[in-house]
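There are 2 protein chains.
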Amino acid sequence: MEIIIAEESGLCYGVKRALTMARRTRRVKSGEVVTLGDLIHNPRVVADLAAEGIGSAEAPEEVRKGTVIIRSHGVSPEVYRRLKRRKIDVVDATCPIVRKIQRLVEALARKGREVVIVGDREHPETRGLLGHSRGRGVVVENEAQARDLPSRKARAVLAQSTHDLESFQKVAAALVEKTRELTVYNTVCDSTRTRQRSTSELAGRVDTLFIVGGRRSSNTARLYEISKRVRPRTYFIENARQITPAMLRGAETIGISGGASTPPEAIQEAVDAIERSFKQNPARE
Amino acid sequence: MEIIIAEESGLCYGVKRALTMARRTRRVKSGEVVTLGDLIHNPRVVADLAAEGIGSAEAPEEVRKGTVIIRSHGVSPEVYRRLKRRKIDVVDATCPIVRKIQRLVEALARKGREVVIVGDREHPETRGLLGHSRGRGVVVENEAQARDLPSRKARAVLAQSTHDLESFQKVAAALVEKTRELTVYNTVCDSTRTRQRSTSELAGRVDTLFIVGGRRSSNTARLYEISKRVRPRTYFIENARQITPAMLRGAETIGISGGASTPPEAIQEAVDAIERSFKQNPARE
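Taken in sequence, the protein lines are chains A and B.
FYI, numbering that gives the first Met the number 0 numbers position 43 of the first sequence as 42, with every residue one higher than the one before it.
FYI, numbering that gives the first Met the number 0 numbers position 203 of the second sequence as 202, with every residue one higher than the one before it.
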């Protein structure tokens, strides 16, 4: 039995940076320290943070005083304004890559250009990007929605940083038919691309693959879709306890991958659980 | 038995205009009048023109004096220079839509932008567009060739006016992966799109479809490919004499379409030939 962990699986640079910033803030600031929304889509890490004294609030209005940490997904300008109005200290942990996309959206909107944002409508990063578009933004989740857009002489299209590249390419292709001059900004971040590519490759050479991550993490869900296409025996698990002997039956080679918000501990626990299961039941059918 | 002719089949605006310009030139000019390359990819029309005193030359150097007609496909700036050097009168029948694409290529090249031209490498329009790119142009014929291009921070992509839209969309999608900022100019002309769409639709509702046009016409060849995908009983014929009873066997509904260089007479002759064949052999299996 062999366990192979996908390259670039688990926490990305932006999420690691936000975690470090949150913990440093907790050390140096007195008073309440809260993140605006869960810092990462991982219940276990969120619980750890709470235990360390870093809470979570849904909206600026829930915070009375203290320090608010903007998570890596970023927020719309409106949220910054509301925080300022309430005189709340802000530590901005927006991922620098996302910040760059926000600035791009702003620049395009300033030029009066329609900006198609490809991403999950409810994803905080997408909502943040839309907020930076001064009403010029349109969110599109997939190719079918792109085909429903009206024809335009010119428009721009870009992606939520953790969107699936293939889906983004399909949306761009559909927009070519609807747009005389279409500027396509490939803003899918390198870490997302590497993770997707390595997960897809890994799916091709294992018998079973586990995607470890929070159910609410959209980039983890995409890894699951990508892997499932290549390897039907792909399981999306939130933690190692969900691994059952049935999932491992007959598997000689087992792959593990995790999303941008999956901590290394969660991956390690999956490895441990698989090894334990094999030791307890070495003669599998 | 029913015969249906595809909407927008046969001569497009640019080719009709070039024919009119050539004949008017013949009327008003004394001395030799030649087109640079065949005016249209249709042997029959080329023979008609020759009989009317409008010849054809392959290169400016073949013409000693008189008037040269630039055909609808357009030519590179180098050809204009060679004609000027030889003090030959020029009547420029470049299709206005192609002229616009040439200007776009020039403008992009002037800005130092790499320009990917999607089209058949040997097509005169593509060669002309490439000539306008000041060495910044790269011709790509299909998705596979696009995938072989190096990565770039920025580049532009546009199509030969009669290129297949679906193929152009695939190339654009492939380039998204290779380019941070990709500007896609959808320069496939409306006439080409309408012709392809109506031929594809017609293929879906007939038993047999005839594509009438010159073997060297690239847009006619694309119509054949498009129709063949939908209706395997598609025949590419250069003239009505090629229609055999076997092609019509069992067909109740017969479609006809033609490329941008197919004259209405060629379509009419196909209709006549099919009707004759049915009259001679009314009880087909």
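No lab work stands behind these hints, which were simulated from the structure alone.
Note that the coordinates shown come from a computational prediction; the quantities given were computed from them, not determined experimentally.
Any given hint might turn out to be false.
Just so you know, same-sequence chains aren't split out, so a pair can sit in one copy or run between any two.
To be verified - Capping the alpha-carbon separation at 25 angstroms, the derived lysine to any residue pairs in SDA-like fashion look like this:
id, residue 1, residue 2
1, 110, 279
2, 152, 76
3, 169, 224
4, 83, 276
5, 86, 271
6, 64, 231
7, 177, 224
8, 110, 152
9, 152, 193
10, 169, 192
11, 177, 7
Right, here's what the structure says about each hint:
1. Proximity of residue 110 and residue 279 under a CA criterion of 25 angstroms is satisfied in neither setting, with 64 angstroms inside one chain copy and 67 angstroms between copies.
2. In this homomeric assembly, residue 152 and residue 76 never come within 25 angstroms of each other (Cα to Cα): the closest approach is 29 angstroms inside a single copy and 28 angstroms across copies.
3. Taking the shortest alpha-carbon separations for residue 169 and residue 224, both the intra-copy value of 16 angstroms and the inter-copy value of 22 angstroms come in at or below 25 angstroms.
4. When the C-alpha separation of residue 83 and residue 276 is checked against a cutoff of 25 angstroms, the pair qualifies neither within a copy, at 53 angstroms, nor between copies, at 83 angstroms.
5. Taking CA atoms no more than 25 angstroms apart as the test, residue 86 paired with residue 271 passes in neither setting, with 47 angstroms inside one copy and 84 angstroms between copies.
6. When the C-alpha separation of residue 64 and residue 231 is checked against a cutoff of 25 angstroms, the pair qualifies neither within a copy, at 49 angstroms, nor between copies, at 72 angstroms.
7. When the C-alpha separation of residue 177 and residue 224 is checked against a cutoff of 25 angstroms, the pair qualifies only between copies, where the shortest distance is 23 angstroms, while the shortest distance within a copy is 28 angstroms.
8. In this homomeric assembly, residue 110 and residue 152 come within 25 angstroms of each other (Cα to Cα) both inside a single copy, at 14 angstroms, and across copies, at 21 angstroms.
9. Taking the shortest Cα distances, residue 152 and residue 193 sit within 25 angstroms of each other only across copies (18 angstroms), while inside one copy they are farther apart (34 angstroms).
10. In this assembly of identical chains, the alpha carbons of residue 169 and residue 192 lie at most 25 angstroms apart whether taken from the same copy (16 angstroms) or from different copies (20 angstroms).
11. Taking the closest pair of Cα atoms, residue 177 and residue 7 come within 25 angstroms of each other only across two copies (21 angstroms); inside a single copy the shortest separation is 36 angstroms, beyond that limit.
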